[in-house]
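S.K.: Sequence:
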Amino acid sequence: MKNIMTTKKERIKLTPEQLFAVYQECSVPGAAVKLILERHGLRPWELVEIRKKVRQGAIDALASKGKPGRPIAAIPVEQYLKTDKELSQTKDALAAVGHELSLLKKRVS
332 MKNIMTTKKE RIKLTPEQLF AVYQECSVPG AAVKLILERH GLRPWELVEI
382 RKKVRQGAID ALASKGKPGR PIAAIPVEQY LKTDKELSQT KDALAAVGHE
432 LSLLKKRVS
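Numbering (the numbering used here), first residue to last: 332 to 440.
Simulated from the structure, these hints should not be mistaken for laboratory data. The reader is advised that the hints may include incorrect statements.
Unchecked claim - In silico PhoX-like pairs for lysine-lysine, Cα to Cα no more than 25 Å straight-line: (1) Lys436 / Lys422; (2) Lys437 / Lys413; (3) Lys383 / Lys365; (4) Lys344 / Lys384; (5) Lys436 / Lys383; (6) Lys437 / Lys422; (7) Lys365 / Lys344.
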């Protein structure tokens with residue numbers, strides 16, 4: 332009996348950038364997908380998973396609305412009305428102080 336030792340090919344973990352490069356390479360029309368996958372040590376079902384992740388990532392990126400940064404938060408109507416009233420009172424008070432200042436300047440002159 333012959334003792335034949337088979338060794339499994341060691342799996343190399345690819346970075347996300349490398350996986351995306353494989354995805355792009357396989358997406359070229361007429362690309363030899365099987366050869367590309369073999370060269371990178373991947374199986375066809377792994378390409379299917381990569382494609383799903385790329386699709387979902389693109390959908391998530393396109394679905395995000397607005398500019399990057401702090402998300403826009405909705406505030407209750409009561410809080411808006413209260414703040415609007417305070418702003419109006421502050422404007423009135425500032426106008427009154429400005430008027431008094433102009434009267435005082437006239438008296439001094």
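S.K.: For each hint, tell me whether it holds in the structure or not.
M.R.: Hints, one by one, checked against the model:
| no. | hint | result |
| --- | --- | --- |
| 1 | Lys436 / Lys422 | holds, 21 Å |
| 2 | Lys437 / Lys413 | violated, 37 Å |
| 3 | Lys383 / Lys365 | holds, 18 Å |
| 4 | Lys344 / Lys384 | holds, 17 Å |
| 5 | Lys436 / Lys383 | violated, 73 Å |
| 6 | Lys437 / Lys422 | holds, 23 Å |
| 7 | Lys365 / Lys344 | holds, 18 Å |
When held up to the earlier numbered hints, the structure conflicts with 2, 5 and fits the remainder.
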